[in-house]
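2 protein chains.
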Amino acid sequence: MIKEYRWIAADGAAGRRQEMEAINLRRELEGLKDHWSPRVVGRVNDQYIKVAKVKGEFTWHKHNDEDEMFLVVYGKLVLQFEDGEVRLEPGDFYVVPRGKLHNPVAAEECGLALIETVTTLHTGGVDTPRAKSIAEQLAG
Amino acid sequence: MIKEYRWIAADGAAGRRQEMEAINLRRELEGLKDHWSPRVVGRVNDQYIKVAKVKGEFTWHKHNDEDEMFLVVYGKLVLQFEDGEVRLEPGDFYVVPRGKLHNPVAAEECGLALIETVTTLHTGGVDTPRAKSIAEQLAG
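So the sequences go chain by chain: F and E. In terms of my numbering, the first sequence opens at residue 1171 and continues consecutively. In terms of my numbering, the second sequence opens at residue 1171 and continues consecutively.
Hints are computed from structural coordinates only; laboratory data are not their basis. By construction, the Cβ of each residue, glycine as well, lies at the ideal position given by its N, Cα and C atoms. There could be a bad hint or two in this list.
To be verified - Residues from chain E that face chain F, not an exhaustive set, calculated with beta carbons under 10 Å:
id: 1; residue: 1196
id: 2; residue: 1249
id: 3; residue: 1255
id: 4; residue: 1258
id: 5; residue: 1264
id: 6; residue: 1265
The shape of chain F in the complex, shown without the other chains (with noise of 0.2 Å):
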């Protein structure tokens, strides 16, 4: 469990400020404790980077207007197209284009950085039992 956030929003509220500490992917992914519920980890410019656990299969699902960053911490991660797939291994990124149907899949669990726009839900507005709400996601 993460005690607090240790990063500020470019329009950070008052009060808050920049820790000099750096955050490490792996530590905070041993954090969560569910999988495929993402974790707001930091910000850059108007990208949220966030970390998750997985394991399974997510759903299909696309994001209209935002393109979506995976890097594999560790594990490994398959992800679906419906013209393929691409497959990651620890240190391997994919950014999934705007508008372009996906479904993440992982045998095993894998632990993953996601790069993605602030106003992303990270089911494409699927509604699933999965989708975390931003808040939620900040939450953790």
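Given the coordinates of chain F, work out where chain E should sit on it, guided by the hints.
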């Protein structure tokens, strides 16, 4: 040397397409010859994903309107600020907020991934022989 760019800009030029292949940060870094010479390896929304090999000291600079994310792939990086410093090891990231003077230092060679707004000049407009234009960063 990278033979081609395996990504497409959001407003991508005709004829380019999204390759169905992940991009490995370490492999991209291996393709770099010079220190302090970032190369664009991807784009997510209005942000470039870059890799850079660094060693020694860069130059004090700031980006007035853009945050800059540093993620260490290998080696160690110190981000010096006027009011302190942040030490990064592999898997660590830090977002330098817009407007904050900083100086990246690496005692030994360090491999970085960077996330920066497509308009960011990596020296923050400081006139130094180390400044590489975006065209140079794209061409590698």
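Next item on the list: Would you list, in rising numerical order, the hints stated earlier that this structure does not obey?
Entry: Structure breaks no hint.
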